[in-house]
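Chemist: Protein sequences, first through last, are from chains R and Y.
Per this note's numbering, the first sequence starts with residue 1, numbered consecutively.
Per this note's numbering, the second sequence starts with residue 1, numbered consecutively.
Think of the hints as simulated: they come from the structure by calculation, not from any bench.
Here are the computed lysine to any residue pairs in the SDA-like style, where the Cα-Cα straight-line distance is at most 25 Å: (1) Y:K111 to R:Q263; (2) Y:K134 to R:Q249; (3) R:K82 to Y:T70; (4) Y:K111 to R:Q259; (5) R:K82 to Y:E56; (6) Y:K121 to R:R256; (7) Y:K134 to R:E401; (8) Y:K134 to R:S184; (9) R:K340 to R:A17; (10) Y:K111 to R:L155; (11) Y:K134 to R:E150; (12) R:K87 to Y:S17.
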Amino acid sequence: MKQWLNRSSKDTRWGQAIDAVALLFFVFFVLGPLFFVFSKAANLEFSPAMQEALVTSFGIAAAVTAIDLLMGIPMAWMLARKRFPLKELVDTLIDLPLIIPTSALGLSIALFWGSSGLGLLQPGIAMIVLLHIAFTFPYVVRTTQAAMLELDGDLARAASTLGASPFLAFRTVWLPLVRAGAVSGALLAFTRSLGETGATMLVAGAAKTVPILTVYYKNAAPSDLNAALTLSAVFLIASALIFVLVRQQLGVKRMRLGQVNAQLERRLSRLGQVSDGASLLFLLAIVLLPSFYFLKFTDLNFFSGPSLQAIGISFAVAGAATALSFVFGIPLALFIASNKRGSGLVKLLNELSMIMPTVTIGLSLALFWAGRAPEAVVLVLAHTAMIFPYFVGSVSEVLAEMDENLTQVARTLGATPLHAFRTVVLPLIKPTLVAGLVVAFMRSVSETGGTLAVSQNIQTVPILIVNLSKAGQNAQAASAAVLLLALSIALVLVLRWSSKKKW
Amino acid sequence: MQMPHIQIRNVSKYYGSVKALHNVDLDIEDGEYVVLLGPSGCGKTTLLKIVAGTVEPSSGHVSLAGRDLTRLPPEDRGIGFVFQNYALFPHLSALENASYGRLARGEAPEKAHRIGQEMLKLVHLAERADAIPKELSGGMQQRLAIARALATGSKLLLLDEPTNALDAHIRTELREELRRMAKQLGLTVVHVTHDQEEAMALADKIVIMRQGKILQAGTPKEVYEHPATPFVANFLGEANFLRVTFEDDRAQLLGRPVEARLRGPHIACIRPESLRLDDKGAKIRILGSRAFGPFYKYDVDYNGLSLRVRATHDKSDATHVSFDPADVLYFSEPDEGLEKALSAV
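So that you can see chain R by itself, here it is in the shape it has in the complex (with noise of 0.2 Å):
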């Protein structure tokens, strides 16, 4: 129990106020509109296209999950507990295909893969699970690695003074133990591979997932409307049950070890070298490589009007979905740490958001806005509506995991609740809530599948370059997302700077 988060705020009618403020925030700005699209949905009617539809995205997702978690533990297990030449980089390497507008990432593969680089394959279902791999490997990575590195370390040195060998001890004693945090990864990264809009229409060629399907509908004719909802209800349901089948099966799950063959487990120790190889080589030629592709294709004459146009566009969105969502979002966090009553079912409501396809989200914003506020404000909004559970998500989960001690010493040595929230809350989780604004940022820049569905006249960096490369306008398409990714990284890195300032 997080006492002391219940009493920061209950002492204080300030601290009731708050919350509701957050509370209202949440349900008129986020959940509210999220979730209008149900509202809308007369008869339901199920279609072979959209079964097929689902099969293709369920599929899709499934294999690119299995292809993450089979590389990707290996990988994370090199980075967590080997020493080797260029780790440093290697390391940073991982992050970089998150930094790439995912409409950018479609083009690219698209190129690379397409008759413009290797020639090996068309657009189709091969192309898009390529595509997802890029932008989900590296959370599969980032979250087992983390899962190891907070793993005692004495446990793998204690299988190996006991005699197990070092794919004995890796079998038995750490995947048990990261399994936790390899399937929330995963997890992850298979609701995004379900969601992914935008990206993924540029390399679907004739396959159709459920969001290309949504847009399908909904672009096709006014009334196929029912359509598109009806495939977004059936779709989220089915997200979502899987969301909260799989999250109850976390933790550590008690283990039988059985007869163990230790000659075989030597033999496949030896194999270490030739599976942290095949990682790196993974890394390069299926992430790295492919996501980087357009950068061959770049040419300096098109940075032109439109596309600096639409860069300030995407910069003022994204600055203003990311500011309320930090306003609004610290104190709805707090709630949800603080244990209150009806904190569960926020945090619940705030996860199930996460996992709602853009297309979804976009639509269902659309019809929630239309015509009550001008077509600017209403981008701001579903964008807000978009990053403000990710943010929201990250900063209530260090906070629940914070040492409530901290906040009582402030307390007992004279600091009111709102004093010692300042001076000692804040400043721990400073990290995170960078991390969050600079996640929740490059969300809004490179989103494009919701936006899609709202935007009527105004253009953002990542609509340009669908429309361009629609066109077939690569170095144009190329061009913007160049000029996009150089932007949001000289942003980042100005934020990562001013951070490490002190408080």
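Since the structure of chain R is already known, use the hints to place chain Y on it.
Modeler: Positioned in the frame of chain R, the structure of chain Y alone reads:
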């Protein structure tokens, strides 16, 4: 089973420019209970881990029964190691923890589990075979860690501060249990601790370390009664240090003459229990006292010097302090100064 006779020769360990161990030599006999004692950061745990193989020495050799172990990975050494926080496998039952070593070496599950069960019986955990570590008390966890290490069949047991995480009461109980088990099974034990009382209670041989070096090794009685340096005297129990200057083999100490074949300035060391509070000897003033039950401790002032005195009876009325010159140890003045010579780092 080979007989452990451990030879540590000229072992050094550097972490970057920090030296954790400096040219350490140590012999451990078969069946001996050796305690490595020293303040934190003295290198005792590093030395233990070098014997276990989880840390590689920067230079030097370790051999077991004549076989050089230095380049052997830990899984091939056949050594039982008990980690400071036990490092029990949290996802395995007590029985599977205890059987792990046998299973890892390819033993059939039935046989491995039978030996695991025997070991659990040995440490009085047979009834908790199905419990996972989280469900066991601290003392039980420690006993399980020992059972797991012994189940491999190793006659050499390495213990890294094994009683650290336990309540004072259970700690004393487990100490007795440990020594009885070691002697009963004929084990060779290397036990690391910073607790001098634990060292005195357990060891056949105490090895006192400081700053990556071995200062002295000997039986508890030897190192207590004949400490090699002021640090050893101070670390094993309490000591009063007083400056004296010898001329013609004579000096003045606490208001009386003492004799020794020494010249010039020295440090005299008197244990608190060697000082007698009375109405004879040097005039003192009692500053404070505490009753500990079996004994009393006093802080007294002698000419502006503060002394620690221990007595078996209440001496609150005493006005003087005296001592037997035979109980005094003399050290030459350390180059680095007394205060630095006594500090841990």
